[in-house]
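K.L.:
Residue strings, one per chain:
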Amino acid sequence: MPPIIAVSNVSKTYASGLVALKGVSLDIAPGEIFALLGPNGAGKTTLIGIICGIVNASGGTVTVGGHDNVTEYRAARSLIGLVPQELATDTFETVWATVSFSRGLFGKSPNPAFIEQVLKDLSLYERRHSKIMTLSGGMKRRVMIAKALAHEPQILFLDEPTAGVDVELRRSMWELIRKLRDVGVTIILTTHYIEEAEEMADRIGVINKGEIVLVEEKAELIRKLGQKQLILDLAQPLAALPPELARRNLVLAGDGQQLVYTYDTKGEHTGITALLNELSAAGIRFKDLNTKQSSLEDIFVGLVSGK
Amino acid sequence: MNWRGVYAIYKFEMARMRRTLLQSVVSPVISTVLYFVVFGSAIGGRITDMQGVSYGAFIVPGLIMLTILTNSVANASFGIYFPRFLGTIYEILSAPISGLEIALGCVGAAATKSIILGLIVLATAGLFVPLDIAHPVAMIGFLVLTAITFSLFGFLIGIWADNFEKLQVIPLLVITPLTFLGGAFYSIHVLPPAWQTVTLFNPIVYLISGFRWSFFNVADVSPGVSLAMTAGFLSLCVLAVYWVFRTGYRLKT
Chain A
1 MPPIIAVSNV
11 SKTYASGLVA
21 LKGVSLDIAP
31 GEIFALLGPN
41 GAGKTTLIGI
51 ICGIVNASGG
61 TVTVGGHDNV
71 TEYRAARSLI
81 GLVPQELATD
91 TFETVWATVS
101 FSRGLFGKSP
111 NPAFIEQVLK
121 DLSLYERRHS
131 KIMTLSGGMK
141 RRVMIAKALA
151 HEPQILFLDE
161 PTAGVDVELR
171 RSMWELIRKL
181 RDVGVTIILT
191 THYIEEAEEM
201 ADRIGVINKG
211 EIVLVEEKAE
221 LIRKLGQKQL
231 ILDLAQPLAA
241 LPPELARRNL
251 VLAGDGQQLV
261 YTYDTKGEHT
271 GITALLNELS
281 AAGIRFKDLN
291 TKQSSLEDIF
301 VGLVSGK
Chain B
1 MNWRGVYAIY
11 KFEMARMRRT
21 LLQSVVSPVI
31 STVLYFVVFG
41 SAIGGRITDM
51 QGVSYGAFIV
61 PGLIMLTILT
71 NSVANASFGI
81 YFPRFLGTIY
91 EILSAPISGL
101 EIALGCVGAA
111 ATKSIILGLI
121 VLATAGLFVP
131 LDIAHPVAMI
141 GFLVLTAITF
151 SLFGFLIGIW
161 ADNFEKLQVI
171 PLLVITPLTF
181 LGGAFYSIHV
191 LPPAWQTVTL
201 FNPIVYLISG
211 FRWSFFNVAD
221 VSPGVSLAMT
231 AGFLSLCVLA
241 VYWVFRTGYR
251 LKT
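Going down the list, the protein sequences come from chains A and B. Just so we're aligned, residue 1 is where the first sequence starts under this note's numbering, counting upward by one. Just so we're aligned, residue 1 is where the second sequence starts under this note's numbering, counting upward by one.
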């Protein structure tokens, strides 16, 4: 299936001389949830801005649904709904008016029934006649999502959707994103909450210092880069590691109550059998054991810290 | 053309105007009444006819122009500056709508409002002095053309300004003085010849002269020249708006 968004060698240097993007190429598949991860200032928002037409690229091309986003901007932009990071709302307008405005702006004929459904999905319907200035921060964020959905976009950009949002609202937003994906909307979200990408995404791209460092299926990424830890709860605490066990990747933790063994899941031999045999030979017994997969966060920190 | 988008912007701007209806209608009406009390009755009684027109009636076209110019600039500049200030401009920039369409919605609404205000001032003036309009069609034509031109000019100011102070500078320091010096309250023929020549560099002279001609059939410069100057300024503003959206000046980084 051809990509719904194809970013090809896009670069951006701001007038100040700041290089925000260095030849970024990226394909987004229709219907997927793509998470763009990166530290602050990595170029996430610039990249979204260029795709959506808010920022002029210094070089490269972007096509959306096969339409060049500069020469065929009308067709390209019609497909996209954008929820930017900053809360920016028409404070004096009512919820209903501002969402209806968005639909009109994108050239769609009025459809009150659709607007009603969007507002209901976002739990805003009760407040439809309220002025935006009277809403809470979380509600304003949802108003911005409603505006982005008002013209029935095939692609939804969510730039840091859950920054500064409470846990309950974050959960309900994740729920909404899944529902949208189920009806075929492609979703691109940026976040620096690893947990969010881990929870939501089908694929993950990591951007750092204006370059895409990696793009991978989430599960594959965790498997490929993942290290695992084997944690043994000892029957008797140890004061120090016995010399015969002083091998790499084995440390004593929890005041001598635990042994932690780190191994690579990609390795041909994990060394677990050998370790257990050695423990037994040394007379060290344990009452419990468990393993832990390294999280995306560990992987991410490893990538952007220049490993 | 994304006509629905144009209409959405137009409607949005008109709704903003409805919210501030009281101050936007009452204040020009009050200032018109004040001008008539001061110039028409108190001072105007001592002034002889100006170009064969009673002084009270003579100032009516100038007062309407004053209202049109200041309101067109103020409304259109605020209309585009405020979304930039709030950050809501992102939505307009990411929508499938061209720069000229955005300008059309925004400028159309600002011009509509100042035309309405101009007509209100005209009606208010009618309470004080008898008004016979010699060329009603030309009068409406000048009114509409001026409202559109200066709304475009205001739109450009709203794009150029990066703070609220700059938004006020041009209307206060340029438009209002040029209107007063442009013959709103006198015929430029009462000036010494040297100043008459200087005045001809003031574009507002042509607007007021042409507009006054449509009322009383008297003019400082020929109505054809007035029309040409207005059209010329309009074209300049259209070109500037086109350039703004082509380059993304102050709108896109």
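Since the hints were derived computationally from the structure, they do not count as laboratory data. Be a bit skeptical, because a hint or two may be false.
Said to hold, decoys possible - Derived PhoX-like pairs (lysine-lysine); straight-line CA-CA distance at most 25 Å:
#1 K166/B to K140/A
#2 K209/A to K228/A
#3 K11/B to K108/A
#4 K131/A to K11/B
K.L.:
Evaluate each hint against the coordinates.
P.N.:
Checked hints:
Straight-line distance between C-alpha atoms of K166/B and K140/A comes to about 30 Å, which puts the hinted pair past the 25 Å bound. For the hint linking K209/A to K228/A, the alpha-carbon distance of about 29 Å lies beyond 25 Å, and the restraint is violated. Restraint check: the Cα-Cα separation between K11/B and K108/A comes to about 15 Å, which is no more than 25 Å; the hinted pair holds. Proposed proximity of K131/A and K11/B is supported: the alpha carbons are some 17 Å apart, at most 25 Å.
Taken one by one, the earlier hints fail for this structure at numbers 1 and 2, listed in ascending order.
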